[in-house]
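Can you join these two chains into the complex? Each is in its own frame, and there are hints to help.
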Amino acid sequence: MLAINPFAALSATIPPAVMQAYVVAMFVLVAAGTLFDIVHKGSARYFFDHWRRSKGRARNGLGGGELASIAVQTAVVDVLASGEFCSARRRVAHLLTMYGFLLYVVSTVVMVFSRSTSDIWPHLWWLGGVMVCVGGYWFWFFIRADVAAEGNSPLRLMRADLFVVSLLASVTLGLIWALLQLNGGGGAMVFFALYILATTVLFGSVPWSKFAHMFFKPAAAFEKRVSSANGTRANLPGPADKPEQFGSARTAPRHY
Amino acid sequence: MPTFVYMTRCDGCGHCVDICPSDIMHIDKTYRRAYNIEPNMCWECYSCVKACPQNAIDARGYADFAPLGHSVRTLREEAKGTISWRLKFRDGREKNFESPIRTTPWGSIKGPAEYDAPRAEDLASQALAHEPDSLKIAGGLPTLTPNRMKRRVA
Chain A
0 MLAINPFAAL
10 SATIPPAVMQ
20 AYVVAMFVLV
30 AAGTLFDIVH
40 KGSARYFFDH
50 WRRSKGRARN
60 GLGGGELASI
70 AVQTAVVDVL
80 ASGEFCSARR
90 RVAHLLTMYG
100 FLLYVVSTVV
110 MVFSRSTSDI
120 WPHLWWLGGV
130 MVCVGGYWFW
140 FFIRADVAAE
150 GNSPLRLMRA
160 DLFVVSLLAS
170 VTLGLIWALL
180 QLNGGGGAMV
190 FFALYILATT
200 VLFGSVPWSK
210 FAHMFFKPAA
220 AFEKRVSSAN
230 GTRANLPGPA
240 DKPEQFGSAR
250 TAPRHY
Chain B
0 MPTFVYMTRC
10 DGCGHCVDIC
20 PSDIMHIDKT
30 YRRAYNIEPN
40 MCWECYSCVK
50 ACPQNAIDAR
60 GYADFAPLGH
70 SVRTLREEAK
80 GTISWRLKFR
90 DGREKNFESP
100 IRTTPWGSIK
110 GPAEYDAPRA
120 EDLASQALAH
130 EPDSLKIAGG
140 LPTLTPNRMK
150 RRVA
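Here the protein sequences come in this chain order: A and B.
Read in order, the letters of the first sequence correspond to residues 0 to 255 in numbering that gives the first Met the number 0.
Read in order, the letters of the second sequence correspond to residues 0 to 153 in numbering that gives the first Met the number 0.
Okay, chain B solo, but in the shape it has when bound (with noise of 0.2 angstroms):
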């Protein structure tokens, strides 16, 4: 089930817009808060719902792991790395989840951006972006050895 928002809390800052992957979180033109302008194409990423300075941004979870009546929201602490989740059943359960938002120290890993840009004979070349550094094969490909395998396999 796709995103909607609380218009209340919403203070139209942009950022859903702005890490939508499908791009339809919008800014709605009567009262300059964001909205879902396509609900079909949401694929409940909760990429918004995270991402919501004022946790404005609400998406009801696939029936299979929270069937109606329920309710599942999200809490992203930047400072504390980390994204809380809380699922309500309708019989009054409660389940409380806590997980970092990322396993890599923060910086650690570059964007696109930060590479050289390719030269004109890297375009020719079978190879694709940052490879081969990206693979970590310095030492050469990983060998598969027969000591590596199970028993009769080989």
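Okay, chain A solo, but in the shape it has when bound (with noise of 0.2 angstroms):
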């Protein structure tokens, strides 16, 4: 059952082209809003007056090769295995989420584009949607901060939750339509308008919501590497010359 493409079967209704041209909008969405949100925010612009400002202090001058290693440590630290979360568990669950979906759009884009018969795209499907699920209501439930540290309600719904509801609920939803649709059961369409009503909004909603922090937060731990690498470290003090002698007596915020 897992290894049948769910968009294959729907092509009887639904002709691949127009498939095809929503896929294509969506990516268009997500530019057109990253373009947006940035002129808007003026955070690109904020960023290279950092960036010039961190460079007139620093103490040391970066080469070319420097710089190189130092993003290919911010590539493979900071963004391939989310290297900045302080928090263990708030990083096997956003590595789950971002992996997830990773695998769930790039599956969902090659079964919508091909015609391929391999069994392997649709098994990654199934499991990207999975780990997004796992992830996702993991840190719903149980980790957010106005959960865990403020003491909130989890089903408490505010602006900041648009990213994550929309994901939750685009890949929950085309889940149960792609379970339904294989088992002939009725109300698949039904929820198929659902999946493609919260798939548009998680992709058009990205200057109101906290998508385009896939763009933002890599080059916000690059600039912080280089301010590290260049001494000016946003003017905080060098790590004291003593030796580490003591564990962690940090606790989990969960106190209320």
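Any given hint could be a false lead.
[Said to hold, decoys possible] No farther apart than 27 angstroms at their CA atoms in a straight line, the calculated lysine-lysine pairs in the DSS-like style are these:
id: 1; chain 1: B; residue 1: K79; chain 2: A; residue 2: K241
id: 2; chain 1: B; residue 1: K87; chain 2: A; residue 2: K241
id: 3; chain 1: A; residue 1: K54; chain 2: B; residue 2: K94
id: 4; chain 1: A; residue 1: K54; chain 2: A; residue 2: K216
id: 5; chain 1: A; residue 1: K216; chain 2: A; residue 2: K40
id: 6; chain 1: B; residue 1: K94; chain 2: A; residue 2: K241
id: 7; chain 1: B; residue 1: K109; chain 2: B; residue 2: K79
id: 8; chain 1: A; residue 1: K216; chain 2: B; residue 2: K49
id: 9; chain 1: A; residue 1: K241; chain 2: B; residue 2: K49
id: 10; chain 1: B; residue 1: K135; chain 2: B; residue 2: K109
id: 11; chain 1: A; residue 1: K40; chain 2: B; residue 2: K28
id: 12; chain 1: A; residue 1: K54; chain 2: B; residue 2: K87
id: 13; chain 1: A; residue 1: K54; chain 2: A; residue 2: K40
id: 14; chain 1: B; residue 1: K49; chain 2: B; residue 2: K109
id: 15; chain 1: B; residue 1: K49; chain 2: B; residue 2: K94
id: 16; chain 1: A; residue 1: K216; chain 2: B; residue 2: K94
id: 17; chain 1: B; residue 1: K79; chain 2: B; residue 2: K94
id: 18; chain 1: B; residue 1: K49; chain 2: B; residue 2: K87
id: 19; chain 1: B; residue 1: K28; chain 2: B; residue 2: K49
id: 20; chain 1: B; residue 1: K49; chain 2: B; residue 2: K79
Hints were generated in silico from the structure; no laboratory data involved.
Below, the structure is given as structure tokens:
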């Protein structure tokens, strides 16, 4: 069952060209939304202004090789391994959601655009969807700071939830639709309509949601590493010249 | 001057929300990043500044020790047991300080929850919580004798 391409089965109802046009439209929405976000918030201007100021105050000049090395470290540690998270639970949940989302999106694109009969893509689509659900619902019900640290109800919604809610709704409804369609159950098209609605909200709400964090967070992580290497360290003091002799007394913020 | 948060550094972990004694560090409803909801009520205790694992929180120091145009930043290193301070003045001078997080060993001070719950008769006593043990007067109250006083006072 998991080896069947759900979009191939759908092509009897909706022409493949329409599905492909929808996928392209979603990519355009993300690109346009991100550009609008950058211009509207002035985040790129802030980043480059900050970059110039930091470079002007640098104690150690950095060459091209060092910058390339820092870029690789940022990509491997901060982006691919979510190394910036201080909490192991948050890091695992983020990795599950991030790689699940990548698998889910790539396999969706491949299955919509190619007529490949390979079994691997449907399997990756299901795996990605389940990973998003595990990481996303774990984050939603147990890890969110406003639930874990502020003591709010996990069912309380606010604008900051737009990205997570639309992502989880899109993936969950997509998996339910695929299951119903493969089993021949009724209501498959209702869930498909809801799946399309949630997906459109996810990719169309970039200027209002935190979708763009996947673009600006790596840039911020790179700038942080550069400021550490060039000695400015965002005005932070350098590490103390003392041996490490204690463990961590930091506890997770769940005291409410 | 109150605390403020560098939004690109904050990852919304909630440590500052947890530690703020004024309960004014909260999670923003739009971006799920920390922010100071009531700057007027911030007394610049630096608890959140030191607790932030991302060093995303900053505070402008008091004008009496760091005039305008300055920067005061701290780095808390638990494994080393140190708090480092870096003050940069607007004329370019810089001062660096380093102090221990605490002067007693980790775990040597019992928290309130680690003491036995008070008994009913304890509540009627004039003694405060954990007294007399916490007063460390097992040998009796210290007595001030004339030979311990300065001359001409007694």
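Outcome of the hint check:
{"no.": "1", "hint": "B:K79 x A:K241", "result": "holds (6 angstroms)"}
{"no.": "2", "hint": "B:K87 x A:K241", "result": "holds (23 angstroms)"}
{"no.": "3", "hint": "A:K54 x B:K94", "result": "holds (21 angstroms)"}
{"no.": "4", "hint": "A:K54 x A:K216", "result": "holds (20 angstroms)"}
{"no.": "5", "hint": "A:K216 x A:K40", "result": "holds (15 angstroms)"}
{"no.": "6", "hint": "B:K94 x A:K241", "result": "holds (18 angstroms)"}
{"no.": "7", "hint": "B:K109 x B:K79", "result": "holds (21 angstroms)"}
{"no.": "8", "hint": "A:K216 x B:K49", "result": "holds (22 angstroms)"}
{"no.": "9", "hint": "A:K241 x B:K49", "result": "holds (18 angstroms)"}
{"no.": "10", "hint": "B:K135 x B:K109", "result": "holds (15 angstroms)"}
{"no.": "11", "hint": "A:K40 x B:K28", "result": "holds (17 angstroms)"}
{"no.": "12", "hint": "A:K54 x B:K87", "result": "holds (17 angstroms)"}
{"no.": "13", "hint": "A:K54 x A:K40", "result": "holds (23 angstroms)"}
{"no.": "14", "hint": "B:K49 x B:K109", "result": "holds (22 angstroms)"}
{"no.": "15", "hint": "B:K49 x B:K94", "result": "holds (18 angstroms)"}
{"no.": "16", "hint": "A:K216 x B:K94", "result": "violated (32 angstroms)"}
{"no.": "17", "hint": "B:K79 x B:K94", "result": "holds (21 angstroms)"}
{"no.": "18", "hint": "B:K49 x B:K87", "result": "holds (18 angstroms)"}
{"no.": "19", "hint": "B:K28 x B:K49", "result": "holds (24 angstroms)"}
{"no.": "20", "hint": "B:K49 x B:K79", "result": "holds (14 angstroms)"}
In terms of the numbered hints stated before, the structure departs from hint 16 and from no other.
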